[in-house]
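Assemble chain P onto chain G, guided by the hints.
Respectively, the protein sequence lines represent chains G and P. Counted from 1, the first sequence has number 45 at position 45 by my numbering; the numbering is strictly sequential. Just so we're on the same page, my numbering is the position in the second sequence counted from 1, plus 90.
Simulated from the structure, these hints should not be mistaken for laboratory data. Treat the numbers as computed from the prediction; the structure is a model and nothing was measured. It cannot be assumed that every hint is accurate.
Calculated cross-link-like contacts (lysine to aspartate or glutamate; reagent style EDC-like; alpha-carbon spacing at most 20 Å) [claimed, not checked]:
| hint | chain 1 | residue 1 | chain 2 | residue 2 |
| --- | --- | --- | --- | --- |
| 1 | G | K27 | P | E218 |
| 2 | G | K27 | P | D136 |
| 3 | P | K397 | G | D39 |
| 4 | P | K273 | P | E218 |
| 5 | G | K4 | P | E122 |
| 6 | P | K132 | G | D28 |
Label-pair distances were calculated between CB atoms; the ranges are [claimed, not checked]:
| hint | chain 1 | residue 1 | chain 2 | residue 2 | range |
| --- | --- | --- | --- | --- | --- |
| 7 | P | K675 | G | P71 | 42 to 50 Å |
| 8 | G | L25 | P | G333 | 38 to 46 Å |
| 9 | G | R42 | P | E776 | 54 to 62 Å |
| 10 | P | A129 | G | R42 | 33 to 41 Å |
| 11 | G | P71 | P | R385 | 32 to 40 Å |
Glycine included, each C-beta is placed from N, C-alpha and C at the ideal position.
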Amino acid sequence: MTTKLNHRDCANFAPVDVTKGICHLTKDIVLADTEQCADFARLPKCLNCKEFACTPGVSHMGQCNASAHEPKFFAYPEMAAVTCDRYAAL
Amino acid sequence: MPKKLKEVLVEAGIPMDFESGGHSPAQMTDREINREPHARVKKLKDIFMQTLSSANNEFPYWYTREYALHDTEIPVVRRAMALKAAFSHLTPVIYPGELLVMHKAPFFRGSFPMPWLSEGYYMAKEDELYQDALKRGSASADEHSKFGSGGGNVTKSFGKVVSIAGKFGMRQEEVPGLLKLAKAWVGKSVDDLGHKYEQMVPDYEIKEALMRNIVCMFDSGYTLPQGREVINYYYPLEYGIDGLLEIAREMKDKVAGRADGDGLKGTNRLFNYEAVILMLEGLKAWISNYAKEARRLEAIEKDAVQKREYAQIAERLEWLSANKPRDFRDAIQMILTIHLGVVNEDAISGMSPGRIGQVLYPYFEQDIASGRISEDEVMELLECYRLSISSIDCFASAGVVGGVLSGNTFNTVSIGGLTKDGKSAANRLEYLLLESGMTNQMPQPTLALLYDEKLPEDFLLLAMECIKTGVGYPAFMNNQNALTFMMNQYGPEGMTPEEARAWAIGGCLESSACAWKPLHLNGKEYFIPGGAGQPTSVGVHFLSMPKILEHVLWNGVDQRTGEQVFPAHDRTFTTFDELWDQFKKYWQKAVDILALTNNVQHDIWRKNNMAVLNSMLKPDCLDRGHLIDELGYRYNATFNVESAGTITAVNSLAAIKKLVFVDKAVSLEDLKKAIKDNFGFKTAKEVNSFSLSDQEKREDGPGMWDKLHFMCLQAPKYGNDDNFADEILLDWENFFCPDCRNYESLYGHPMYACQISVSTHGAMGSATIATPDGRLAGTTFADASLSAFPGTDRNGVYALLNSAAIWDHTMSQNSQLNVKIHPSAIQGASGSRKLLDLIQAYMRKGGFHIQFNVVDTKVLKDAQANPQNYRDLMVRVAGFTQYWVEIGKPVQDELIARTEYEGI
Numbered sequence: 001m002t003t004k005l006n007h008r009d010c011a012n013f014a015p016v017d018v019t020k021g022i023c024h025l026t027k028d029i030v031l032a033d034t035e036q037c038a039d040f041a042r043l044p045k046c047l048n049c050k051e052f053a054c055t056p057g058v059s060h061m062g063q064c065n066a067s068a069h070e071p072k073f074f075a076y077p078e079m080a081a082v083t084c085d086r087y088a089a090l
Numbered sequence: 091m092p093k094k095l096k097e098v099l100v101e102a103g104i105p106m107d108f109e110s111g112g113h114s115p116a117q118m119t120d121r122e123i124n125r126e127p128h129a130r131v132k133k134l135k136d137i138f139m140q141t142l143s144s145a146n147n148e149f150p151y152w153y154t155r156e157y158a159l160h161d162t163e164i165p166v167v168r169r170a171m172a173l174k175a176a177f178s179h180l181t182p183v184i185y186p187g188e189l190l191v192m193h194k195a196p197f198f199r200g201s202f203p204m205p206w207l208s209e210g211y212y213m214a215k216e217d218e219l220y221q222d223a224l225k226r227g228s229a230s231a232d233e234h235s236k237f238g239s240g241g242g243n244v245t246k247s248f249g250k251v252v253s254i255a256g257k258f259g260m261r262q263e264e265v266p267g268l269l270k271l272a273k274a275w276v277g278k279s280v281d282d283l284g285h286k287y288e289q290m291v292p293d294y295e296i297k298e299a300l301m302r303n304i305v306c307m308f309d310s311g312y313t314l315p316q317g318r319e320v321i322n323y324y325y326p327l328e329y330g331i332d333g334l335l336e337i338a339r340e341m342k343d344k345v346a347g348r349a350d351g352d353g354l355k356g357t358n359r360l361f362n363y364e365a366v367i368l369m370l371e372g373l374k375a376w377i378s379n380y381a382k383e384a385r386r387l388e389a390i391e392k393d394a395v396q397k398r399e400y401a402q403i404a405e406r407l408e409w410l411s412a413n414k415p416r417d418f419r420d421a422i423q424m425i426l427t428i429h430l431g432v433v434n435e436d437a438i439s440g441m442s443p444g445r446i447g448q449v450l451y452p453y454f455e456q457d458i459a460s461g462r463i464s465e466d467e468v469m470e471l472l473e474c475y476r477l478s479i480s481s482i483d484c485f486a487s488a489g490v491v492g493g494v495l496s497g498n499t500f501n502t503v504s505i506g507g508l509t510k511d512g513k514s515a516a517n518r519l520e521y522l523l524l525e526s527g528m529t530n531q532m533p534q535p536t537l538a539l540l541y542d543e544k545l546p547e548d549f550l551l552l553a554m555e556c557i558k559t560g561v562g563y564p565a566f567m568n569n570q571n572a573l574t575f576m577m578n579q580y581g582p583e584g585m586t587p588e589e590a591r592a593w594a595i596g597g598c599l600e601s602s603a604c605a606w607k608p609l610h611l612n613g614k615e616y617f618i619p620g621g622a623g624q625p626t627s628v629g630v631h632f633l634s635m636p637k638i639l640e641h642v643l644w645n646g647v648d649q650r651t652g653e654q655v656f657p658a659h660d661r662t663f664t665t666f667d668e669l670w671d672q673f674k675k676y677w678q679k680a681v682d683i684l685a686l687t688n689n690v691q692h693d694i695w696r697k698n699n700m701a702v703l704n705s706m707l708k709p710d711c712l713d714r715g716h717l718i719d720e721l722g723y724r725y726n727a728t729f730n731v732e733s734a735g736t737i738t739a740v741n742s743l744a745a746i747k748k749l750v751f752v753d754k755a756v757s758l759e760d761l762k763k764a765i766k767d768n769f770g771f772k773t774a775k776e777v778n779s780f781s782l783s784d785q786e787k788r789e790d791g792p793g794m795w796d797k798l799h800f801m802c803l804q805a806p807k808y809g810n811d812d813n814f815a816d817e818i819l820l821d822w823e824n825f826f827c828p829d830c831r832n833y834e835s836l837y838g839h840p841m842y843a844c845q846i847s848v849s850t851h852g853a854m855g856s857a858t859i860a861t862p863d864g865r866l867a868g869t870t871f872a873d874a875s876l877s878a879f880p881g882t883d884r885n886g887v888y889a890l891l892n893s894a895a896i897w898d899h900t901m902s903q904n905s906q907l908n909v910k911i912h913p914s915a916i917q918g919a920s921g922s923r924k925l926l927d928l929i930q931a932y933m934r935k936g937g938f939h940i941q942f943n944v945v946d947t948k949v950l951k952d953a954q955a956n957p958q959n960y961r962d963l964m965v966r967v968a969g970f971t972q973y974w975v976e977i978g979k980p981v982q983d984e985l986i987a988r989t990e991y992e993g994i
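So that you can see chain G by itself, here it is in the shape it has in the complex (with noise of 0.2 Å):
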């Protein structure tokens, strides 16, 4: 799991490929794996919900317990969450 905040988690960011984006407030393109500065806005993801939670000892997995299935339906970390209605920041 992602321990440090790079510009792939920030809301300014324009995800351009899966490598790099544009920043919407500089207008420059950075890397996805750099790190944040100090205009960080935090980008809604399933990492930062309360409805997720971690599957112990496997990578990059978890369950989504705002979903309606039985056995909860997976979610992974990364995934962006700025659509769901179900988010609820950390």
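This is chain P only, laid out in the frame that chain G set:
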């Protein structure tokens, strides 16, 4: 140093001269015309050029999650629920400077897998992908700046990026989720269910053998079940999304519980309308999410101009999420949104926008007249549109995306043709479409010019200018030929001559059935064309004629794998007619089994994975309440049989006929021995070139086949206006085209012939041993269906046209002829005139299609050696234009080897 074939031939006094009609200048020659897009577009294009094809799980995650909740629902409603959830959850991404917004997925060139179609690839690669994803964890930030070779293709994993199918990059954090999603579809996907049931077709083992031995290139039911058709934008333009919702709700009330005389599917209309409503709600949510994102960006933007543009984008999307377009800007955004929606609904290549010069003309005409927009502003929007369409990627398997599509998705725009009442349809907006194809040179949308004698001269000459930029478009298609084909194929479904005029190219060059609909704008009525037919290039895909000839010669046994593919015929051929008869028998056996198994696959697709959005758009689904699976489309006779390697097979049959049966210069057995021994040469793979001219002799080669090989190479060849070879083509076409009608699609209609190669001539050639025409093992086949084999058309381009036009092209959905011309051969106004004369001569002879690569072969060779210097070089491959660096080596080699005409 082993000798290359071309050196051997020079020594023998028969040089392979790939230049025809003169010699090219010694120095590299650039194309005559180079133009630039607007500054804004150039900036966005620069980003595109640095962009990797990228995929994530967002769409399949929400689709699968919702689908899993409703396992007792009616299939069409369940699918629509899943689609609604997926569209509603797509993360909106808007880039600074964009005028037209929305993307397939949250990347510039984004796409995603659809495991409900096929999950087998991910499951087969599960361990490999998982381990690769885990390994990626230690990568440093520096590594992220490494881009995969081959333009936007992610051919290898690097940094935190895992390469999928040699084309798409997926972040390592997404891979476990992808595998989890794939597992959810095991035994349920179209691929798995189709496979379960297709095995019940008698002689199924032959089908498996045909696929394993690359006699047939791919199945369509679970790879690209839709496409090669023309989309229809009419309903959203005429009614807007809320208007369509209102229609669907009203219709639902009318049909609920009523059979109306159709006891089998009359009551299904209720469920179909319910599905349409759900789909429209998903579309509305998707557009609204983009509108919200534009408002958010407006709020944080400091630059006044950009802030205003975000506000305009937000206002436009808020309007379009409910209402019909008011002006040109609204309309072009609406057709882009609808297009992206359709290509997100299913794995699709070749969803062509069709005749958007006609579709958008009402808005253009009224906006220009009122001063709401200038032509320069329209040009800028059209350039932006080209960027958006070029950014569409299709996520499918490596074999399909690489081996067949060369990464292209074939969103062809058609221009020219006739109006509903039979007049030239070329309007001012179509001139601008041509202009924007020159100023923003990108692979898509490629342009198809529907040639008719009624088109104005200046329009055709502008098309010559566009061709001279080297972009490979517009391709010329014969309008009158197509009208004849349309009436023959779709007349039984009620097509009238007037309606036939609405036709357009779907995919790269598949003639597709369309219809006229009345659009109303500010009190004025316009008839606009749009797709009204099902997908084409579904049915039997790319059946390799040279492979079937190999199996005829070796009693049904494949010589690369040693496998018995066809039942042994146990015949000894004492005449050419006997051999030809056996060829036709094996061909028919292959088509029959492939048609049946593909019918089964598509039947699974239509039962569980039917189109909802695309169906709703096509006449007459919304009116009748039936979607594609219930013959809701106006035209359903669209399944076809695709041939591949036509000219390689024709030349091979000509060589056998001449050398074995007419001249009796060699026995068939000795010819087979020479072929099996690759005429004493290494394989193409060993040489690492797929071009015939680069092949090398084995150093220990016996030399015993040299004379025979020369005879094979010198045997009559198609493309020289020589009846010996050309009449074999004629015999083939007179058999093939009518024979297709003996096979029936799952929709109960006869099939027809489709003759394009896309990139299969590379992949299929690499799996085929040497052929009797002197072609060596593993080298590419002749491209297209009517292009000469490289270097064999020695009598000038008009002789090639005579050969190509020997048969009646109206019997087939298409034919394809690619010609490579050196830029110096068509310079200036007189060069343009000569080129147009050439095209018109071919059209008047009855040729259906011709297109040009205007390029210096020396440039291509330099680009192959130094790809880093040629990121933006584009070439015409088959029915599409592609970036040189995104094309596989076999097809690059074949493009280099194509005969270069130095004069016409």
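Hints versus structure:
no.	hint	in the structure
1	G:K27 / P:E218	violated, 37 Å
2	G:K27 / P:D136	holds, 14 Å
3	P:K397 / G:D39	holds, 19 Å
4	P:K273 / P:E218	holds, 15 Å
5	G:K4 / P:E122	violated, 53 Å
6	P:K132 / G:D28	holds, 16 Å
7	P:K675 / G:P71: 42 to 50 Å	violated, 56 Å
8	G:L25 / P:G333: 38 to 46 Å	holds, 39 Å
9	G:R42 / P:E776: 54 to 62 Å	holds, 56 Å
10	P:A129 / G:R42: 33 to 41 Å	holds, 34 Å
11	G:P71 / P:R385: 32 to 40 Å	holds, 38 Å
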